[in-house]
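Residue numbers (full-length UniProt numbering), protein chains in the order written: chain Y, 1 to 457; chain X, 1 to 457; chain B, 1 to 487; chain E, 1 to 487.
Keep in mind that the hints are not guaranteed to be accurate.
Listed next, the in silico BS3-like pairs over lysine-lysine satisfying Cα-Cα at most 25 angstroms (straight line) [to be verified]:
# : chain 1 : residue 1 : chain 2 : residue 2
1 : B       : K284      : B       : K247
2 : E       : K225      : X       : K32
3 : X       : K32       : E       : K247
FYI, nobody ran anything at the bench for these hints, they're computed from the structure.
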Amino acid sequence: MPFIPHTDEDITGMLDVIGVDSIDALFDEIPKELRAKELAGVPSGLSEMEVTQLLQARARIDGEPTCFIGAGAYDHHIPAAVWQITTRGEFYSAYTPYQAEASQGTLQVLYEFQSMMTALTGLDVSNASLYDGASALAEAVLMAVRANRKVKTTRVLMPRSVHPFYRRTVRSIVQHQGIDLVEVDFDTETGQTTLAHCETAGDEPFAALVVPQPNVFGVLEDVNALTDWAQSRDALVIGVVNPVALALLSPPGDWGQNGADIACGEGQPLGMPLASGGPYLGFLCCQQAFIRQLPGRIAGKTEDVDGKVGYTLTLQAREQHIRRSKATSNICTNQGLLVTAATVHMAILGAEGLERVAAACLANTDRLAQQLCEVPGVEPIFEAPAFHERALRLPAPTEDVLAALAEQDILGGFDLGREYPELGCALLVCATERRTDAEIAAYREALASTLAIAEAA
Amino acid sequence: MPFIPHTDEDITGMLDVIGVDSIDALFDEIPKELRAKELAGVPSGLSEMEVTQLLQARARIDGEPTCFIGAGAYDHHIPAAVWQITTRGEFYSAYTPYQAEASQGTLQVLYEFQSMMTALTGLDVSNASLYDGASALAEAVLMAVRANRKVKTTRVLMPRSVHPFYRRTVRSIVQHQGIDLVEVDFDTETGQTTLAHCETAGDEPFAALVVPQPNVFGVLEDVNALTDWAQSRDALVIGVVNPVALALLSPPGDWGQNGADIACGEGQPLGMPLASGGPYLGFLCCQQAFIRQLPGRIAGKTEDVDGKVGYTLTLQAREQHIRRSKATSNICTNQGLLVTAATVHMAILGAEGLERVAAACLANTDRLAQQLCEVPGVEPIFEAPAFHERALRLPAPTEDVLAALAEQDILGGFDLGREYPELGCALLVCATERRTDAEIAAYREALASTLAIAEAA
Amino acid sequence: MLIHEQSRPGRRATAQAPLETADHGDLPQALRRKQRAALPEVSELQAVRHYTRLSQQNFSIDTHFYPLGSCTMKYNPRACNSLASLPGFLARHPAAPESHSQGIMACLHELQDMLKSVTGMHAVSLAPAAGAQGELAGVMMIRAYHDARGDHERREMLVPDAAHGTNPASAIMAGFKVREVPTGSNGDVDIAALRDAVGPQTAGIMLTNPSTVGVFDRSIQAIAKSVHEAGGLLYYDGANLNAILGKVRPGDMGFDVIHMNLHKTFSTPHGGGGPGAGPVGVSKRLEPYLPIPLVTQGDDERYHWLDEDDRPESIGRMTAFGGNMGILLRAYIYARMLGAEGMRRVSEFATLNANYLQARLRDAGFQLAYPERRASHEFIITLKKEAKAFDVNTMDFAKRLLDYGYHAPTTYFPLLVPECLLIEPTETEPKEALDGFVESMNKIRAEAENDPETVKQAPHSLPLRRLDDVRAARQLDVAWKPAEGTA
Amino acid sequence: MLIHEQSRPGRRATAQAPLETADHGDLPQALRRKQRAALPEVSELQAVRHYTRLSQQNFSIDTHFYPLGSCTMKYNPRACNSLASLPGFLARHPAAPESHSQGIMACLHELQDMLKSVTGMHAVSLAPAAGAQGELAGVMMIRAYHDARGDHERREMLVPDAAHGTNPASAIMAGFKVREVPTGSNGDVDIAALRDAVGPQTAGIMLTNPSTVGVFDRSIQAIAKSVHEAGGLLYYDGANLNAILGKVRPGDMGFDVIHMNLHKTFSTPHGGGGPGAGPVGVSKRLEPYLPIPLVTQGDDERYHWLDEDDRPESIGRMTAFGGNMGILLRAYIYARMLGAEGMRRVSEFATLNANYLQARLRDAGFQLAYPERRASHEFIITLKKEAKAFDVNTMDFAKRLLDYGYHAPTTYFPLLVPECLLIEPTETEPKEALDGFVESMNKIRAEAENDPETVKQAPHSLPLRRLDDVRAARQLDVAWKPAEGTA
């Protein structure tokens with residue numbers, strides 16, 4: 001019996017102690033008519049060897065394409081040590097550290113993670129993670145509405161330059177909380193959200209402005225101006241940031257005169273494999289003043305009865321298992337295992353390592369964009385400075401071009417036109433530090449021949 | 001500086017304490033003219049990312065052929081837990097347990113391994129491993145000559161049905177110890193080493209007879225008769241055994257009237273990947289009487305000052321670091337990491353699991369041989385019962401057939417004819433429990449078409 | 001010591017970053033970081049050593065019996081980890097085209113099918129990232145259903161008082177009011193109170209069955225009838241699915257929506273508190289509202305994603321990229337190794353272990369919360385008696401258990417049972433572990449009687465003694481900061 | 001508790017074996033096993049839990065500073081492990097054809113080249129499975145060389161008294177007689193004694209330089225001249241190669257043969273005592289005798305094996321399949337990450353750490369064995385003084401260090417220095433680890449003076465206290481056996 005240790009002798013002895021004849025008798029309180037007959041949709045069990053062969057075949061058939069897609073998930077190098085440590089049984093198979101004395105490993109990792117995230121974002125406090133960047137933004141929006149004591153409104157300004165999947169996730173999660181998400185357009189020349197666009201949201205007060213940095217196009221927003229503008233109108237500022245980019249870019253805590261109030265984002269670039277989209281981790285940081293509105297778990301430092309330093313979950317009174325329907329959020333778990341990976345990743349790379357990674361991504365994407373734009377008909381869409389993504393305009397339908405590239409095992413980018421029809425045939429490309437010159441050249445060549453064929457057709 | 005933690009401040013401070021100006025000054029006792037200039041053959045360092053890309057490419061170019069080669073290394077399923085545990089830092093990066101109190105993990109693993117190997121071989125004691133099966137046989141031969149008190153001779157009977165690589169390794173290692181390795185031929189009908197063949201070694205006494213089970217052809221020797229015959233002539237018997245086969249086959253301790261005296265073999269089938277040939281592990285077991293002649297490390301049970309059970313290296317007086325030129329062997333290390341893998345592997349599979357693996361290999365190889373022999377011109381070479389290898393005769397040169405199969409990503413077996421020219425175009429095939437019916441059928445088909453082409457040519 | 005405290009300015013012993021810093025001179029000064037973030041500067045060895053040693057300070061399934069009620073801490077098969085980590089799976093970008101995704105989509109599609117079968121539901125979405133998100137998705141679908149019918153007055157969600165805190169919290173997130181339904185003294189929902197509670201305002205009820213008090217609610221059919229007749233829907237909290245896997249199906253009990261906690265029933269890693277995965281299953285009438293993306297198989301046998309365009313009535317997207325694929329893969333692998341027969345064994349042996357442990361503790365004189373009931377895969381004992389007699393409370397027992405090498409059961413939950421331990425041994429523990437636990441409980445009770453201070457001051461054998469939670473909350477310190485002027 | 005003691009008859013909770021037992025009825029009864037082997041019968045969880053907990057009872061580099069002299073316990077980069085474990089490498093059968101081996105052969109060929117370059121030798125074989133086997137191969141080549149010249153009288157191998165025990169043992173295995181050469185009081189070989197020892201019977205000399213007493217032998221050129229002039233060859237024991245990597249090359253010092261311990265200098269895992277890998281390098285005149293197989297590159301840029309047929313004068317095959325490929329791969333990966341500049345840094349910082357630690361201990365009043373010498377990558381202190389004054393010996397110091405969280409240095413080796421500790425910090429340890437070690441040594445000396453029993457009874461903080469080695473040898477118990485009549 002896979003995974004079940006009971007011998008016949010064990011079973012007999014245990015049933016004796018319970019005082020029943022059979023295991024089946026233990027289910028005698030369940031109405032007979034409800035008992036399941038068979039599980040038609042579930043095949044018979046496989047041995048570990050058989051399932052290994054099956055999964056190896058499944059993992060193989062999708063090939064090993066070269067990835068130039070970013071759009072919220074980035075193909076970074078992950079130090080080998082990161083997952084060798086993270087998958088140690090003591091991290092992998094432990095649960096939420098309810099018994100702090102028996103969970104100091106996990107608790108200290110959470111505290112160190114929080115410390116690292118506050119260092120990266122320049123804010124005072126961090127929670128111990130949420131599901132992913134998009135759902136973290138949803139929680140940030142809810143939090144901002146709760147936390148803003150100056151204006152009582154549920155309006156939140158949401159630039160269209162925020163990743164469309166993030167905006168949809170926010171909408172799904174907050175839709176029944178009466179939040180009014182006001183979309184703000186972007187400048188089609190620069191790709192930036194300007195103050196002028198913000199002003200179109202009207203004079204009514206709003207609780208918060210969301211500021212993506214970089215935005216979905218890779219373009220850098222004028223975060224200082226946006227922050228000052230929103231705060232001058234008594235709104236909070238929620239930064240949506242890429243943690244690797246923060247190695248080079250001004251942290252939310254430094255934006256404008258007073259810094260952003262809240263920052264959130266996707267932790268995947270900090271040591272998580274692409275893995276089809278998850279599990280990743282969302283992070284959420286804020287100024288000290290808002291800590292009691294911060295959802296999710298928080299580890300805090302304390303002492304034991306002998307005065308030795310230790311760590312424990314704290315401020316649990318905000319959480320659903322204590323506060324139930326009055327909790328700051330319904331969220332129960334954090335992404336402990338991914339937090340562990342991110343913490344080890346940041347410890348190994350350090351600030352300088354992250355900076356090198358960021359600079360390499362920037363340089364590679366610059367080179368990629370430059371080379372692709374040498375292909376006739378391909379041109380950059382936006383002018384403003386950008387981080388490690390570039391929006392390009394193609395002379396043929398993006399979908400067709402991507403399909404043709406995929407046949408050559410090149411994943412050419414993210415189809416922006418589907419989400420932003422006003423941009424026409426638009427493609428978002430990214431080259432992380434892992435993309436080599438040869439791969440970039442191969443992409444250029446494949447794109448040139450694909451477009452040549454398209455033109456000829 | 002990869003792997004080196006020194007900051008500039010550290011370096012300055014440390015040099016100050018030492019009282020020199022530069023690191024280079026620390027090498028001032030080395031004659032100037034000897035100082036190396038440059039390392040012309042060593043390229044510049046790569047980042048972990050770069051070396052990852054390089055090695056991934058190298059690992060990829062050799063393809064994923066289907067393996068029907070056995071011949072001493074077997075493609076078994078290894079439970080996922082085995083290497084996840086074995087590569088835990090505390091096992092992976094510990095050294096020889098010289099400080100027993102700080103090495104109970106490794107020491108208890110060694111003791112458990114020894115216990116498992118004695119259970120499998122039916123002998124009293126086991127060492128904590130040697131390099132591989134072939135070098136273990138060399139040590140067994142030396143040990144037998146030392147241990148045999150009844151006859152003082154350095155003659156050892158070595159059947160030709162012992163794996164040729166083993167025989168060569170033994171010859172390399174013992175060549176300067178005055179050992180006389182007397183080859184014993186095999187019956188070309190059955191593939192077995194018969195008593196009649198043994199008798200051809202003449203009447204002179206010999207110190208030991210080596211008995212492979214199964215032998216290199218997969219054929220089962222009449223171990224009981226061989227053991228009794230040799231022991232009746234005051235020789236010791238050294239079994240060379242496959243540990244997975246021992247799940248089904250009579251263990252050396254049960255051979256003949258009194259059991260074999262020594263057993264050795266290759267531990268690779270107990271959880272080690274094929275990995276191009278190593279690292280594997282050699283095991284060496286013997287009757288209690290010979291323990292002081294056993295080379296290699298041995299862990300023993302003992303107590304601490306409070307009477308708590310613990311483990312420690314024992315009988316170190318046999319070893320080179322104590323006994324120097326009078327040691328039982330020059331061997332220093334064991335194969336600790338592989339011992340750990342083998343121990344976890346055996347613990348997870350248990351005797352019944354190993355038995356199932358053995359039975360599946362037997363059945364698969366039977367099926368493979370049967371199907372291949374349906375191809376015109378292919379026939380079994382030997383009649384005797386066999387374990388999980390079969391020698392087949394081909395109607396075309398083995399080397400050419402194997403090359404043609406390799407082009408179809410099938411590794412068709414081991415070319416026996418190279419080592420045993422008297423067998424003609426001979427091929428040794430093996431199908432472990434991992435080979436599927438579809439793979440076996442594909443081999444049959446590929447062989448049929450290959451031979452058809454050969455015939456047509 | 002924190003990793004930060006091992007940091008030295010300028011230390012960098014890593015091969016992990018690019019060997020040189022590429023030019024990034026074009027970045028506008030105003031948008032650049034002024035000062036490097038105060039991340040630790042350590043060598044690779046220091047990081048490896050630090051986190052290896054930290055890990056050793058955890059209890060975990062791989063090291064300890066961990067009978068944490070309601071959390072299903074069972075063995076996480078190592079094969080699930082290694083196979084979900086095959087390079088082909090790890091390297092796939094979430095926006096990769098279907099042409100390069102057929103392998104993983106096949107796994108996801110089969111997982112959807114297996115989960116449908118084992119829950120008796122009509123359709124399944126794998127999108128929610130965790131149990132609580134599955135709950136939210138579930139109640140949002142209930143709301144979407146009523147709203148689509150123009151039934152806008154159904155704004156009340158019934159929740160038993162024994163429920164997980166996530167239930168009321170999720171209901172609130174979906175815009176419902178929460179109304180508590182009491183639990184009867186036999187552990188079943190108070191059906192009379194329920195009948196009083198239902199009405200035209202009832203959107204539905206959120207139930208766990210077996211419930212968090214560790215018993216199977218025998219009146220489930222009456223509950224379903226009552227709620228359905230009132231026009232409400234039944235929501236099944238899958239937290240306790242391990243207890244009935246393959247034995248009873250929520251769909252057959254009359255539930256309209258279910259979420260599953262894959263890190264419980266399908267043994268994906270608990271990971272120190274996550275990640276989870278919280279697929280939802282629904283009856284036919286709720287199918288249009290399932291969160292996206294979903295995987296479907298076309299007539300050409302190829303797999304396709306269903307997204308917003310295909311499912312316009314969907315409650316939408318729960319995370320940016322559609323779910324915790326790595327966790328779903330692990331659950332898939334586990335499910336394939338179990339097979340139908342293995343799933344049934346899960347609930348059988350989880351129930352056997354719980355009932356055995358319950359009987360042994362009862363025989364040892366501990367008071368069961370529901371002594372006349374069968375245990376499901378978990379059960380409750382109350383230490384009220386011991387607390388009163390020896391002035392030693394449940395938390396003291398829990399901390400002392402750590403000294404004996406057992407992780408404590410869940411304490412003080414469910415809230416309605418005083419001084420309670422909710423104990424869930426799971427099916428993967430051998431009898432010896434259960435016997436050892438009983439022995440330790442007996443010893444602790446004897447200590448409580450004869451030497452209560454030892455129990456009240458436990459733990460004694462761990463790296464730290466009892467931690468001060470109050471201090472943590474009062475003198476908040478939730479992040480290390482560099483000393484002034486250093487970073 | 002042993003895994004065997006957790007076994008229960010018939011327990012088998014594994015998915016790891018085939019689900020059914022295939023028919024094997026054709027096996028002759030007389031050759032079949034009568035009774036199942038007494039292997040443990042446990043569940044997968046029990047095995048995982050048992051070995052995870054066992055592992056935690058080890059000191060290791062990943063958890064502790066481990067200054068074990070002569071063993072070069074430095075950080076084993078994790079990338080080496082994961083890359084050598086890529087499926088393509090693990091799945092390759094040793095007898096796979098060259099057509100399916102070009103990837104790994106490229107790595108091996110480049111490793112041969114790098115090792116040639118860094119040692120200054122003419123050719124390298126990767127075949128020996130460990131350092132001791134490399135030694136054996138090395139001395140066998142010396143013998144083969146003399147024999148090929150008909151120089152059959154050269155049967156004496158010179159070995160310094162400070163040498164590793166493997167040196168004389170290997171020389172004996174190769175059929176030589178061993179003659180010891182004394183070490184001078186300054187740590188260098190007594191050159192006068194050496195000149196007396198050489199002669200027509202001299203096959204060669206086995207040397208480590210820097211030697212096991214932790215100093216670089218300044219008269220190496222004189223030694224080489226003396227031995228060569230007598231017709232002998234020089235063998236270099238690579239145990240201490242880490243001390244001079246990229247700084248001085250054995251080939252340039254005049255050595256004819258060298259073995260390397262890849263688990264030392266090239267940071268492959270120590271693994272609880274192995275596996276090692278012991279490549280050998282030789283000067284041109286010894287090339288024909290290198291153990292096979294070797295990798296060569298053809299004009300077609302493809303790689304080929306050289307075996308017995310290609311190298312008829314080879315000393316032969318050292319293992320069945322030609323070496324510990326997985327270890328060679330790890331060393332290759334490490335070497336590529338280091339590069340030429342990184343190799344030089346290895347010896348520089350190993351030497352810096354050793355000299356710093358030596359200076360600090362000297363300043364703290366500990367007695368150096370060779371106070372007037374530079375340390376190489378290791379050095380010796382003698383506790384003679386302390387042993388006499390406090391009746392506390394070196395082993396007591398060693399055991400007490402464990403309590404302070406440091407693995408003990410090598411004790412009582414080399415044999416010629418009384419009460420000695422051979423201390424090798426390696427280049428991967430930060431200054432703080434060295435400072436902490438000094439502080440602990442100071443504390444232990446103070447304890448030895450004021451409270452000697454604490455030191456003599458150490459360790460106190462580990463799972464076990466001091467173990468009885470004598471009992472282990474006298475009441476030999478080297479394998480668990482089932483109770484009579486049970487298995």
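Which numbered hints are broken by the structure, listed smallest first?
none
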